[in-house]
Amino acid sequence: MTRVLVRRFGGLMMVLLSVSTAAFVVLRLTGDPVQMMLPPEQTTAEQVARLRHQLGLDQPVWVQYAQFLRNLATGDLGASYRYGTPVAPLILQRVPATLELAGAAVAFAGLVGVPLGVVSAVRKDGTADVLASGVSFLGVSIPVFWLGPMLILFFAVRLHWLPTSGIGGWRPLVLPAITLGMYPLAQFARLVRSEMLDVLGEDFVRTARSKGLSELAVIVRHVLRKASLSVVTLVGLNVGVLLGGAIITETIFAWPGLGRLIVQAISFRDFPLAEGAVVYISFITVLANFAVDLSYTLLDPRVRST
Amino acid sequence: MKVTRRTFLRATGAAIGSGAVPTFWHRGGPGIALLSGAEAKGPRATGGLVLAQSSEFHEINPHRELWSDDSSFHFAIFDSLIQRDDTMRLVPVLAERYANTGPREWTFTLRPGIKFHNGEPLTSETIRWNVQDALRTDVKRDVTWQAFERVDVIDDRTFRLITRKPDPVLPQRLVRFFVLPQRYYEQVGEQGFINKPVGSGPYRFVERVPDSYVKLEAFDDYWGQNASLRNVVFRIVPDPATRLSALEAGEVDLITPLAPDQAKTVSQNPMTKVASVTSDRIAYCQFWPESPQGGRELRDRRVRQAINYAVNVDNIVKFVLNGMSTRIPTIFPATTFAYDKGLKPYPYNPDKARALLREAGYPNGFAINMEVPANFILPATVDVCQAMVGDLAKVGIKVDLKALELGTMVKMRGARQIAPIFFWSWGTDFLDPEPFVRGILYTKSPYTFYGKAEWDQAIDAAASAMNSSQRAEIYRRLQREIYDDPPYIFLYSIFNIYGLRRNIQMTPRTDERIIVARIRRT
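Protein chains in written order, with numbering that gives the first Met the number 0: chain P, 0 to 305; chain G, 0 to 521.
Among these hints, one or two may not hold up.
Here chain G is said to cover these stretches of chain P; the calculated rule only asks that three of the stretch's residues, wherever they fall, bring their Cβ under 8 Å from a Cβ of chain G [unchecked claim]: (1) 176-185; (2) 264-276.
Sample of chain G residues lacking proximity to chain P, with all beta carbon distances greater than 10 Å (derived) [as the list claims (entries may be wrong)]: (3) I81; (4) R149; (5) V152; (6) A359; (7) A379; (8) A386; (9) M505.
Quick caveat, the hints were computed from the structure, so don't treat them as lab data. Where a beta carbon is used, it is the ideal one built from N, C-alpha and C, also for glycine.
Just chain P, same shape as in the assembly (with noise of 0.2 Å):
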């Protein structure tokens, strides 16, 4: 297990450097972060060169990378360029809204994606089949920039009965929880009812029903329990990605949470801020995907063995 770790967090390591490296080089490829920090109507050329100066993009590019390496190896993201202050603060503001969207639409993703996938392998080609596959097609295909606007006409302006954005309490967490867990929904009804088809027709099953277990039995603790693996696996890769944060549905909802923090970085070329939060977010997708693996060996008995 130590030596799993061990080569993991190197893995882990890796990944970082290569990543906040591909984001060094392509951030300073695509614009000059003193262009747009400095209204152009009052400012002069010397104004320009000493911003650039106190920055230090003034220095070679080689010089700023191996600064920045310096400073990552220690921990120390910068300061940002458009806020004036650290970056990793900045980063960890936006944490806990992000987790909270995250989570809501992970949960109302897997509330109501499990069972529909369930129903639908229980009553394969029937009715409920049809009406559960009919969701999650749509679920799949249609976007998020289409159906949180969708929702909102319809829920906040026309019925009143949630707000169209903004954040406090639950009410304003609703419309885009659901906009987010529309597609993971999806994702959990298709992989739950393929899963549930596969080991319905296996032998234990048909052991467990000669046993006399009731119908729910047999699907809870013998069926469910066996496609759990992969629905973890999509849970755990799902996470990961949303905990990035959600841009559009951020953007669609005034959410304040790491997507719309990472997008204004970039296009106010905020590099110390950018590449902060796409180091943040390659850690916590390795880290997710690493917590996948594990949980594996919890889940299933063999994978312990190997």
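Given chain P, put chain G in place with the hints provided.
Frame of chain P, contents of chain G only:
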């Protein structure tokens, strides 16, 4: 505790099942709840106002840098010596009176008994410290203040502000020179001040969640007329469609900006209305005959004139911008000092354009590149440019139009790699031509792409002429000269457009400011 497969599954199931994740992270939430959603059906909290704006505040400390998007917040919390009323007249605010008492000297008398929100008195010494702070070079400070040299304190209420050079636009400059409390600032430091700003304005700061909202409350001991609405919330809602929905749902009272194509929806709704006014912000296309992407044809004045004749700006304003812009003959905004009303915009005349092109040696036209920022402070930039491309094709000029991300375009402009024709915008709250001509006509400016030595001289002469009729005369001459030898495709002054709930009274302002203290609810 040993984690077994069973306990792991149970814990995971419980976490998903209970929906614990979202509630765990529930934060108290702002007064937004008080003013939105639930209350949209019933009566509102007395005296509240919720505004939705598109972008996050850039700078809470107004000495750091001045951005348009921040100004409504700054004007609510802070005061400056001089401000503009809704008709754009300069009026003394913290200053009771002021006068230009020498070429580089202005004498001010402060109103008596002004206090900051924390009770700290505002005196001449406070102003002296503020000017010193604005002139710091070790931290980010807005460049506008570089015009100041120092403050000489005469007594508690009287001081002299000395400028580096004669500065005829000093009063305009001071409109956004917000006065901060020296003692509080020194006590909490800059970051502490940004976390909890204190001013002497009609509202005091209550709470801020970055990228989400700022909450203010009326300051009861304000020296001037009290604001009529007690609680003000600025909400950041980046998506234009969501902003519009929030207005329609009655969640917010005012949205900014409103795109011209949304204005119709708002005015047709019985619960909402549109307020608009000509802005001090202009749109134009800049010519650069020396672009590495080509465009040598533009060296000939007749070609630049021909392009101005060929573009049907009136149609663009009417059809692309739904009439919500004011056509201008040059780059002087219709609202600026010394705007030449006698000068008429280039008429749409494709025949004349063709004749000029023939005369210049291009009877069959030519091909040229054009660039436009797709996501910009102005609405419908790409649509406007596509209309121009169509007009230019009719006189034989084949334009290859590229819509670029703003940051990429800013970089290309800075590195001087931009196309020979590019769409851009300029605007300041000075309501004076100086920042316009200094920025995009003065050849020493990094943002000028076509200029002349004699124009530079005129710009310098006007910048230090303390006699306003003399200044006006210089600018009038300059307008005629750039009209004849156009460095730009002259386009329009945009409208500042707002969506309001029917019961909100607000005068839209040319300078893009929203002065919340002056907003009323009927």
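Okay, the hints, checked on the actual structure:
no.: 1; hint: 176-185; in the structure: violated (count 1)
no.: 2; hint: 264-276; in the structure: holds (count 4)
no.: 3; hint: I81; in the structure: 18 Å, holds
no.: 4; hint: R149; in the structure: 20 Å, holds
no.: 5; hint: V152; in the structure: 27 Å, holds
no.: 6; hint: A359; in the structure: 31 Å, holds
no.: 7; hint: A379; in the structure: 19 Å, holds
no.: 8; hint: A386; in the structure: 26 Å, holds
no.: 9; hint: M505; in the structure: 21 Å, holds
Checked against the numbered hints above, the structure breaks only hint 1 and satisfies the rest.
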